[in-house]
Amino acid sequence: MNIKDTLISALQGDKHSINRLCDHFRRISVAYLRTKANRNNLLLSHLYKNIDDLALDCIADLFGQEGDCLSQIEGYLDDTEIEKLKESEVATKLRRLIFSKVNEGLYRNYRNFDPSLSKIIRNLKRTLDEGKVEGARYDSNTGDIEFEEKDKPRANMPEEILEIKLSSALSRISNTVDAVQELKNILIEEREYSSKVSLVSFAVILRKSFAYRLEMEEKDKLGNSMSLYKERELHTFIKNCIATERVQLFQTYVSSGKINEKHFEKYLLVVKDILVADFIKHSPREGYFEHFEFYFPEISYERYRDEYRKIIEYMAKGIRQRLLLVLKNEENFSKFDLW
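When we follow this note's numbering, the leftmost residue of the sequence shown carries the number 226, and every step to the right adds one.
Calculated from the structure, these hints are not laboratory results. Note that the structure is predicted; figures quoted are calculated from it, not measured. Even glycine gets a Cβ: it sits at the ideal position worked out from N, Cα and C. Just to be clear, a hint being listed does not mean it is correct.
What the hints assert, rightly or not - Heads up, simulated DSSO-like pairs for lysine-lysine below, C-alpha to C-alpha not over 30 Å straight-line:
id : residue 1 : residue 2
1  : K497      : K464
2  : K487      : K497
3  : K311      : K357
4  : K553      : K535
5  : K309      : K240
6  : K421      : K390
7  : K409      : K357
8  : K229      : K309
9  : K497      : K553
10 : K542      : K464
11 : K350      : K309
12 : K497      : K483
13 : K535      : K483
14 : K464      : K553
15 : K433      : K491
16 : K229      : K318
17 : K421      : K357
Stated by the list, open to error - Derived CB-CB ranges, DEER-like:
id : residue 1 : residue 2 : range
18 : G238      : R333      : 28 to 34 Å
19 : A256      : I386      : 22 to 28 Å
20 : R416      : D230      : 42 to 48 Å
21 : R530      : A380      : 42 to 48 Å
22 : I524      : K240      : 40 to 46 Å
Use the sequences and the hints to build the structure in full.
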């Protein structure tokens with residue numbers, strides 16, 4: 226039985242066909258994941274300990290629960306449309322659906338594994354969805370950033386080459402709009418390659434490139450003195466400063482009824498992330514809103530600016546000042562006088 230007939234029978238409720246369809250989806254998912262794994266990205270190695278489990282995790286919601294089985298697939302490709310399509314066309318549309326689900330699954334796993342990377346991915350998607358770079362778009366079916374097509378199909382630029390090209394342009398990148406614009410410039414210049422790049426892969430390259438640059442900057446500034454202080458100690462400084470300031474801030478905001486305690490605790494997490502980004506520098510510098518949005522994804526930038534920004538900035542300023550006082554008293558942290 227070909228995939229078109231299998232799909233039709235599965236949508237009609239035949240359990241044997243549903244099992245065959247699930248196995249077909251799993252095999253394509255595994256193959257797609259392996260093409261990504263073969264790029265030897267260290268960040269992916271954590272997720273690929275069991276590639277079959279990861280593949281099933283990515284496509285699981287397509288098959289739903291009993292009574293809701295295949296509803297997503299049917300919504301994407303119904304009986305009427307299937308009948309009009311050729312076998313090859315059905316196979317192509319299903320592959321697009323599977324690729325989309327794999328990319329969503331990877332993003333979900335990335336978010337759990339590396340919150341900084343997930344912020345970059347989310348901000349790239351928003352930049353593309355809002356059309357902030359002319360000619361750039363995000364294809365949710367393939368997970369690619371796409372620009373205007375070149376004359377004929379070409380091979381994708383190897384990630385190693387893109388990373389080298391992007392590294393030389395980091396000084397011109399201060400946000401995701403700049404990043405997409407630089408990507409566009411690189412692909413225009415390199416005419417022998419395709420005009421599209423995986424969004425997740427591009428985000429990983431950005432993350433790695435900025436982390437490496439910041440690491441080099443720190444080494445240049447501090448030499449070997451920074452080796453006396455480990456990340457854990459810096460995290461402890463930040464944690465202790467937040468705990469100290471928390472008492473007064475609680476009285477100011479929660480006891481007075483200005484905000485509820487649940488939101489107050491989230492605000493402190495936002496401030497912690499801001500300070501970690503500023504002082505430990507494991508990720509590209511981001512505005513306060515990017516950190517706020519991670520804990521309050523339902524709140525727009527306009528609402529944040531009007532209702533929340535002053536509180537976050539006030540809390541961050543007070544805790545930052547206390548942290549600076551602590552660091553000034555610590556040997557080898559005189560560099561923070563300049564902040």
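Status of the hints after comparison with the structure:
A distance of roughly 8 Å separates the Cα atoms of K497 and K464; the hinted pair therefore holds under the 30 Å criterion. Note on K487 and K497: the hinted pairing holds, with a Cα-Cα distance of about 16 Å set against a maximum of 30 Å. For the proposed pair K311 and K357, the alpha carbon gap of about 38 Å is over 30 Å, so the pair is violated. With a CA separation close to 27 Å, the supplied pair K553 and K535 stays within the 30 Å bound.
Between K309 and K240, the direct Cα distance comes to roughly 24 Å. Compliance with the 30 Å bound is thereby established for this hinted pair. About 15 Å separates the Cα atoms of K421 and K390, which keeps this hinted pair within 30 Å; it holds. At most 30 Å may separate the alpha-carbon atoms for a hinted pair to count; K409 and K357 meet this at roughly 12 Å. Restraint check for K229 and K309: the C-alpha separation of about 11 Å stays at or below 30 Å, so the hint holds.
The straight-line distance between the Cα atoms of K497 and K553 is roughly 19 Å, inside the 30 Å bound, and the hint therefore holds. Between K542 and K464, the direct Cα distance comes to roughly 15 Å. Compliance with the 30 Å bound is thereby established for this hinted pair. Taking the CA atoms of K350 and K309, the gap is about 33 Å. The hint is violated against a cut of 30 Å. Taking the CA atoms of K497 and K483, the gap is about 21 Å. The hint holds against a cut of 30 Å.
At most 30 Å may separate the alpha-carbon atoms for a hinted pair to count; K535 and K483 meet this at roughly 13 Å. Distance restraint check for K464 and K553: the Cα-Cα separation of roughly 17 Å lies within the 30 Å cut-off, and the hinted pair is therefore satisfied. The suggested pairing of K433 with K491 holds, with an alpha-carbon distance near 28 Å, which does not exceed 30 Å. Under the criterion of a C-alpha separation no larger than 30 Å, the hint pairing K229 with K318 is consistent with the structure, at around 11 Å.
The suggested pairing of K421 with K357 holds, with an alpha-carbon distance near 17 Å, which does not exceed 30 Å. Evaluation of the 28 to 34 Å hint for G238 and R333 yields a pass: the beta carbon distance comes to about 29 Å. Checked against the hint of 22 to 28 Å, the pair A256 and I386 passes, with Cβ atoms roughly 24 Å apart. The supplied range of 42 to 48 Å is met by R416 and D230, whose beta-carbon atoms lie about 43 Å from each other.
Between R530 and A380, the C-beta spacing of about 44 Å keeps the proposed range 42 to 48 Å intact. Separated by about 44 Å at the C-beta atoms, I524 and K240 satisfy the suggested range of 40 to 46 Å.
In summary, the structure is inconsistent with hints 3, 11 from the numbered list given earlier, while agreeing with the others.
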